[in-house]
Amino acid sequence: MPEKAKDNVVKAVGNLARFARESSAKVAEQAADVKEAAADTVERFATKKADPYTEAIADYNDAFTSMSEKGVALLGQRDRSTDLIGFIELLVNSVANTPKSFDADFEQIAAARSEFLDAEEFARRDLDAARRSALGVGAGLTTGAAIASLAPTAALWVATTFGAASTGTAISTLSGVAATNAALAWLGGGTLAAGGGGAAAGGALLALAGPVGWTIAGAGLLASIALFTKKKLENREALEEALTAVKANTAMVRGMDAEIGDLLTRTTSIRASLAKTYGEALSTYGRDYLSLTSPEQSQLIALVNNTKSCAALLGTRLERSVDGA
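Residues in the sequence shown are numbered consecutively from 1, following this note's numbering.
Just to be clear, a hint being listed does not mean it is correct.
As the list claims (entries may be wrong) - Mimicking DSSO-like on lysine-lysine, the simulated pairs with C-alpha atoms at most 30 Å apart in a straight line are: (1) Lys276 / Lys308; (2) Lys308 / Lys100; (3) Lys100 / Lys276.
Hints are computed from structural coordinates only; laboratory data are not their basis. None of the values given here were measured: they were computed from a predicted structure.
Sequences and hints are given; from them, build the entire structure.
Here you go:
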């Protein structure tokens, strides 16, 4: 190759190398700029003050979910307990010449079991009635739609877990408009039932803060109502009042969650113990109490006593007034 051609090749290669180095430097510089910009963005997001209202709603939703799950689990354990009590009653009734005290014991047991099952039935009826009447008693479109979509299980665990409405009348013994009003009246001072607007946070938000409201609203619906209500707040004072209300409701939910958890633990434990005792006593089916051995008689006595304890838990209700006291 001629010398001149070689020089041209060397020069071209040198130019390409220099271009590559310069391009690489520019890319590296641009990458550094992008990285720095990204870091600035992350830092801005990290240092940006979180919205306390959104955090409060998220905290409420977390508390609600935990409480609702325990409530459904409690309902399941109680339903299984009522079935077990029925089997035990058949077993004891099959034994001849049992002590007279058994009759009195099973009157109490049957009454507690019937009361629980009646509460479930009332809840089913009330839910149907509430669905028909909610929009006609001033509950509003949002609450009416929420009641319409409420799962029966939610209504059942609430009706069998909580006590009386603000009037002192058991919610599960009411029906139709009365049931809807009683339920709504127990939700946050009765703002919706009275047709009032409640505190600055709005009637919808506060009214969906009590036991029945927890199941009517659900976590997602409450959040949407809260966000909607937030847009309606016109000043910092109103926002602070709403924030305080949400936090207070969250604290109440967590308190109820703990109480339901305790009741669930006790119910689960005694039902498991009762099931074990029942299995051990099956050998006495259809026999004469007077012909049973002393251990077998003691076994039946223990079975009846444990059944009484289990039935008593079926009637345990969590009492709360409208102000959560």
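Index of numbered hints that the structure contradicts, given in increasing order: No hint contradicted; all consistent.
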